[in-house]
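Visitor: Chain residues, written in single-letter form:
Number of protein chains: 4
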Amino acid sequence: MRIAEVGDLAMLQLPNNKQTIFKLEADREYQTHKGSIFHNDLIGSPWGRDVETHLGTSYVFLPPTLHDLVRNTRRISQIIFPKDIGYILLRLSIGPGTRVLEAGTGSGALTTAFAWMVGEHGKVYSYDRREDMQDLSKQNLERVGLMDRVEFTLQDIADGIAEKDVDAVFLDLPRPELYLSQIHEVLANGGVLGTILPTTNQVSAFLRKIEEEHFDSADVAEILLRFYKPVAERLRPTDRMIAHTGYLVFARRMHTK
Amino acid sequence: MRIAEVGDLAMLQLPNNKQTIFKLEADREYQTHKGSIFHNDLIGSPWGRDVETHLGTSYVFLPPTLHDLVRNTRRISQIIFPKDIGYILLRLSIGPGTRVLEAGTGSGALTTAFAWMVGEHGKVYSYDRREDMQDLSKQNLERVGLMDRVEFTLQDIADGIAEKDVDAVFLDLPRPELYLSQIHEVLANGGVLGTILPTTNQVSAFLRKIEEEHFDSADVAEILLRFYKPVAERLRPTDRMIAHTGYLVFARRMHTK
Amino acid sequence: MRIAEVGDLAMLQLPNNKQTIFKLEADREYQTHKGSIFHNDLIGSPWGRDVETHLGTSYVFLPPTLHDLVRNTRRISQIIFPKDIGYILLRLSIGPGTRVLEAGTGSGALTTAFAWMVGEHGKVYSYDRREDMQDLSKQNLERVGLMDRVEFTLQDIADGIAEKDVDAVFLDLPRPELYLSQIHEVLANGGVLGTILPTTNQVSAFLRKIEEEHFDSADVAEILLRFYKPVAERLRPTDRMIAHTGYLVFARRMHTK
Amino acid sequence: MRIAEVGDLAMLQLPNNKQTIFKLEADREYQTHKGSIFHNDLIGSPWGRDVETHLGTSYVFLPPTLHDLVRNTRRISQIIFPKDIGYILLRLSIGPGTRVLEAGTGSGALTTAFAWMVGEHGKVYSYDRREDMQDLSKQNLERVGLMDRVEFTLQDIADGIAEKDVDAVFLDLPRPELYLSQIHEVLANGGVLGTILPTTNQVSAFLRKIEEEHFDSADVAEILLRFYKPVAERLRPTDRMIAHTGYLVFARRMHTK
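In the order they appear, the protein sequences are chains W, F, U and R.
Quick note: the first sequence, position 90, residue 91 per our numbering, numbers continuous.
Quick note: the second sequence, position 235, residue 236 per our numbering, numbers continuous.
Quick note: the third sequence, position 78, residue 79 per our numbering, numbers continuous.
Quick note: the fourth sequence, position 212, residue 213 per our numbering, numbers continuous.
Treat the hints as calculated values from the structure; they're not laboratory data.
One or more hints might be untrue.
For chains that are exact copies, the list does not tell them apart, and a pair is met inside one copy or across any two.
Using 20 Å as the maximum straight-line C-alpha spacing, the simulated EDC-like pairs for lysine to aspartate or glutamate come out as follows [unchecked claim]:
#1 258 to 6
#2 258 to 157
#3 19 to 220
#4 258 to 217
#5 35 to 214
#6 139 to 53
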């Protein structure tokens with residue numbers, strides 16, 4: 002039986018899938034919209050049980066998954082969504098030991114997933130030129146306990162990238178085509194460059210440049226995620242969905258000379 | 002500069018995204034539909050270059066990514082697709098060190114991704130009752146060099162599961178609701194159970210049982226992936242797409258007693 | 002040049018696609034959230050010009066299309082959406098002269114489109130058992146000037162259908178399979194029956210019955226409509242969309258001796 | 002009871018939704034891949050019955066709907082699909098009495114739907130510069146008995162449009178923005194212009210010009226149609242679908258001067 006301990010991240014979930022994540026600390030109280038819960042009542046108790054607030058609202062008490070952590074990233078910018086992150090992981094071939102570079106950091110949702118997957122022997126190099134962004138993403142990574150797997154650099158990558166021979170690169174920037182020659186210096190030959198772009202014009206601008214900058218095998222994809230109401234006798238999609246996050250573009254870094 | 006070596010998996014890719022993956026071995030010849038290539042001409046040469054067959058067809062020479070490996074899984078059954086696998090990884094919270102159980106193994110596409118992500122300190126327990134399936138998936142895992150991370154069991158899980166307290170479970174079986182009480186024994190409290198089901202009737206049948214079997218927080222999702230022709234001046238979706246692979250259902254294992 | 006006249010339906014449209022439709026009447030004033038407009042300033046003026054409220058907000062002044070009328074149907078129930086209506090028209094082969102029967106009337110969005118298309122020589126027979134619904138749909142049809150093409154009956158079709166040999170039937174009811182034998186009596190042999198159903202369980206329940214009730218060639222379809230932000234240099238889908246209205250099911254009425 | 006007569010268009014449909022449409026003529030024989038059927042056995046018999054070829058294959062014998070006619074348009078070019086046509090009808094406000102202009106004619110699928118809906122008192126003006134295209138579309142319209150509702154002109158609309166004050170215009174041309182000033186001359190003020198464009202670049206190019214050419218209220222939409230296997234106990238989407246036909250763009254013709 003798995004028991005919640007001091008220092009663990011814990012999640013309370015309502016039937017409507019509303020989630021809240023916090024760290025378990027002795028003698029603290031957690032305030033929800035539906036009443037409060039004492040941490041001491043959670044610490045030392047098994048995961049996967051129902052807990053009630055002092056007002057009688059019932060929550061499910063769970064250890065947050067990577068999906069939950071990403072989805073609940075504290076943000077001051079649009080985050081990359083789980084539907085896109087999962088696919089990016091496969092396309093960029095992220096796994097234990099991978100050295101991956103990203104720019105910009107943003108609020109750190111993708112950074113979290115990368116740090117999770119590269120393990121203790123991998124490394125995430127994360128660049129952003131905005132201090133507020135990077136401070137927030139540091140807090141987010143600290144909170145999920147993955148800070149030691151990330152090296153943050155507060156810098157526009159146009160001003161240089163210190164790393165060499167990284168396994169994969171992901172750009173979440175408005176004009177990724179401007180950095181292609183720099184990325185070519187940094188990314189291992191044969192490695193994958195990925196980017197997410199909201200508009201079709203940005204995709205065209207990016208595609209226009211990749212060949213001359215010695216990238217190849219470009220691929221443009223879009224992922225739509227539709228949830229269903231999980232009711233056995235009235236199974237149907239939810240009424241509304243997110244129609245668009247961005248177009249994902251991937252290309253392979255070619256060897257030159 | 003990264004160099005291809007004997008024993009590496011190598012991929013040749015055509016402009017139309019047709020891929021072929023094989024292991025580099027001294028003195029061998031690789032036959033494509035467009036002519037042959039000598040392994041010796043690839044071994045010791047940098048990844049990410051163009052190579053030509055003796056008939057003059059040009060391929061890009063690349064190290065396969067996890068996406069490429071999954072997509073090119075040798076199969077005798079429908080495989081789970083990268084679009085679904087990426088999302089499953091996040092939902093099941095797979096990462097370095099995870100102990101995950103799956104049934105059935107099938108051709109081993111999901112097994113490959115799980116094995117990739119759990120690293121040297123994690124483990125994939127994979128059950129299938131069909132010997133031909135499991136033999137093929139063993140070959141597939143052997144080929145990608147991840148065999149030591151998987152423990153295969155040739156058995157219907159209805160006849161028992163040896164493992165205890167695994168972190169996550171994925172079922173790729175026609176009637177997953179039949180195994181819920183067994184999975185409850187095996188999956189850690191608070192852990193995630195996932196399944197993929199082709200028909201809406203199967204989803205309803207599964208949802209009907211989960212509460213009484215002490216699972217909670219069910220979520221049904223469907224992922225659509227649309228590719229675009231990667232042409233800057235004529236950007237548009239491809240004409241056809243895969244309309245359906247399966248509905249993904251996730252639930253959390255609750256603590257009882 | 003086309004001029005707006007007293008009695009015409011007029012539409013004011015904001016750049017964000019917010020629309021408002023009303024009838025032009027002498028000496029009246031139209032109140033918008035952004036100020037008022039005098040009908041007399043619109044009457045006698047050309048369609049397709051910009052008009053300003055007394056507070057200076059600019060609207061485009063347009064004759065409403067069928068799409069605009071349907072979309073702005075006054076409602077006390079969920080309406081059938083234009084994306085679905087257009088497809089229904091083709092599947093049911095509606096056109097000038099068609100005699101089509103529908104149940105239930107609902108708020109009258111589909112009724113409006115049917116009445117529009119059947120012309121002066123066609124007829125729409127519309128059944129609903131709820132008086133408030135049918136009163137509203139009558140007002141809606143009156144307003145768009147198509148009332149004379151519709152015969153409303155305030156009755157549950159379980160209690161009988163007066164018409165015979167109609168060209169097409171559309172059912173917007175929770176359990177359409179209950180009425181199949183009645184519809185068989187009413188619909189011409191070879192004619193099309195259509196229905197819209199929100200849940201997969203309803204679709205299965207309907208499909209289960211159609212063959213034994215002598216309907217054939219069943220077809221289930223689902224239409225997704227995605228809008229784009231109409232900005233030349235930043236073309237992209239809108240952030241959110243309607244994920245689901247209903248499954249459309251069509252079948253052909255077979256001849257039985 | 003409705004009876005098939007000489008001169009009627011008839012449709013034979015297989016369970017897999019394969020359809021074939023032909024005209025009933027005395028003493029003729031219809032050859033299918035699965036054997037032949039004598040027209041005389043169909044003439045005078047009721048619609049909606051099963052008929053067998055001399056080899057014993059069973060077809061459903063039906064009067065084709067507008068959907069069936071459009072879908073089975075004989076083509077030498079890509080046709081506009083029913084999913085798009087239905088929506089176009091509503092957006093362009095086509096109905097009995099409408100005068101609509103289209104260019105190019107193509108194979109005549111949209112022309113057929115327009116001619117069907119405008120009735121005897123409306124008119125379709127259809128321009129194409131390719132004689133083979135227009136000959137085929139004339140044959141297609143002749144065959145469905147709607148030829149008298151269409152005026153074909155074999156001419157590039159760049160060389161002039163004879164009509165004035167039409168209610169709606171649809172352009173199925175690669176660069177519709179080149180004709181905006183001409184369309185402005187032809188389309189009634191307040192009327193709707195629609196177009197279908199395969200690439201995002203074409204949409205941007207069109208949007209770039211509409212304001213300066215005095216069109217307004219542009220709207221870009223995309224329709225996805227997904228079919229389901231109509232099996233009650235195994236309800237699920239078909240494996241593959243058409244991912245893209247084109248982006249639909251609509252705009253309103255503004256009054257000038």
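Visitor: All hints, please: hold or fail.
Guide: Consistency of the hints with the structure:
Taking identical chains as interchangeable, the C-alpha atoms of residue 258 and residue 6 lie at most 20 Å apart only when they sit on different chains, with a minimum of 19 Å there against 55 Å within one chain. Taking identical chains as interchangeable, the C-alpha atoms of residue 258 and residue 157 are never at most 20 Å apart, the minima being 28 Å within one chain and 51 Å between chains. In this assembly of identical chains, residue 19 and residue 220 lie within 20 Å of each other by CA distance solely across copies; the values are 12 Å between and 35 Å within a copy. When the C-alpha separation of residue 258 and residue 217 is checked against a cutoff of 20 Å, the pair qualifies only within one copy, where the shortest distance is 15 Å, while the shortest distance between copies is 53 Å.
In this homomeric assembly, residue 35 and residue 214 never come within 20 Å of each other (Cα to Cα): the closest approach is 56 Å inside a single copy and 28 Å across copies. For the homomeric pair residue 139 and residue 53, neither the shortest alpha-carbon distance inside one copy (32 Å) nor that between copies (47 Å) is at most 20 Å.
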